[in-house]
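Enquirer: All chains should be modelled from the sequences, with the hints used to inform the complete structure.
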Amino acid sequence: MTNPVRRPETSTMMIDRGASPRRLLRYRLDVGESTTTEIRLSLHVTQRPDDGPTAQRATSVAFSPPLTWYRVRLEVTRASDDGYELGLRFVDAGIDPEGTTLTDRQIVELTANIQALIGVSGTMGIDRRGSVNHLSLDRGTSRFDLTGHGIDTGELQEQLHSAIPVLPSEPVGRGARWRTTGTTVVAGTRVRQSVTYELASIERDQVLYRAKIAQEAPEQPFGSAADGGTSTASRLVAAQ
Numbered sequence: 001m002t003n004p005v006r007r008p009e010t011s012t013m014m015i016d017r018g019a020s021p022r023r024l025l026r027y028r029l030d031v032g033e034s035t036t037t038e039i040r041l042s043l044h045v046t047q048r049p050d051d052g053p054t055a056q057r058a059t060s061v062a063f064s065p066p067l068t069w070y071r072v073r074l075e076v077t078r079a080s081d082d083g084y085e086l087g088l089r090f091v092d093a094g095i096d097p098e099g100t101t102l103t104d105r106q107i108v109e110l111t112a113n114i115q116a117l118i119g120v121s122g123t124m125g126i127d128r129r130g131s132v133n134h135l136s137l138d139r140g141t142s143r144f145d146l147t148g149h150g151i152d153t154g155e156l157q158e159q160l161h162s163a164i165p166v167l168p169s170e171p172v173g174r175g176a177r178w179r180t181t182g183t184t185v186v187a188g189t190r191v192r193q194s195v196t197y198e199l200a201s202i203e204r205d206q207v208l209y210r211a212k213i214a215q216e217a218p219e220q221p222f223g224s225a226a227d228g229g230t231s232t233a234s235r236l237v238a239a240q
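Okay, so the sequence shown: first residue is 1 according to my numbering, each after it adds one.
Treat the hints with care, as some may be off.
Listed below are the simulated SDA-like cross-link pairs for lysine to any residue, each with C-alpha atoms no more than 25 Å apart in a straight line [unchecked claim]:
no., residue 1, residue 2
1, Lys212, Arg89
2, Lys212, Ile118
3, Lys212, Gly99
4, Lys212, Arg129
5, Lys212, Arg128
6, Lys212, Gln115
7, Lys212, Gly175
8, Lys212, Ser194
9, Lys212, Glu75
10, Lys212, Leu41
No wet-lab data here; the hints were simulated from the structure.
Expert: Set out below in structure tokens:
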């Protein structure tokens, strides 16, 4: 197993409590219950030259790698008064090359890299509000060496903390919106992350929600050159 990664410190802010009637939302799951969630990641990066002899004739460069996505199946394996233990397994993954300049060969290579996730499994523990208290991946279930395919398991584990929506502490109704903020790691860089949830409907014991995940890194050095370095800033948006 990989070393467990705990959820980074986060804060929750209520944006709109939604329409009446309002209810206090808490997870109530049965052992054996399962669901599949899909996470889609789109990264936009801007690079600009730092001050230097060639800075005036250099220009900023913006590029957007292809959108990547993966589906994770979650199954409740244990239930208690404090929360739940979940088994997780990656069941599908891929990229969307639309709008990029990738060659056919690059598309095949990148698709193979992200599909190295398929079959990887692990465990996750959550409390009644959905806050992850521990998460680990089983290296032995992967068909490939994830590191060799450009996948950082530590970063992947941190991303998975967003797979379960964190429920608000106060009663909410249809149309409610709340946001969690904190930090996470992307490509070796700690970035600011916010997840905005919207409650689309409540019917008996089931709710439908939408989530938008935004990650933004401050401008920072990227690489080096004899006549001046380069700075980069990035923003990642994901949707569930």
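Enquirer: Give a verdict on every hint.
Expert: Results for each hint:
no., hint, in the structure
1, Lys212 x Arg89, "holds (22 Å)"
2, Lys212 x Ile118, "holds (24 Å)"
3, Lys212 x Gly99, "holds (21 Å)"
4, Lys212 x Arg129, "holds (18 Å)"
5, Lys212 x Arg128, "holds (21 Å)"
6, Lys212 x Gln115, "holds (23 Å)"
7, Lys212 x Gly175, "holds (15 Å)"
8, Lys212 x Ser194, "holds (8 Å)"
9, Lys212 x Glu75, "holds (23 Å)"
10, Lys212 x Leu41, "holds (10 Å)"
Violated hints are absent here; each numbered hint is respected by the structure.
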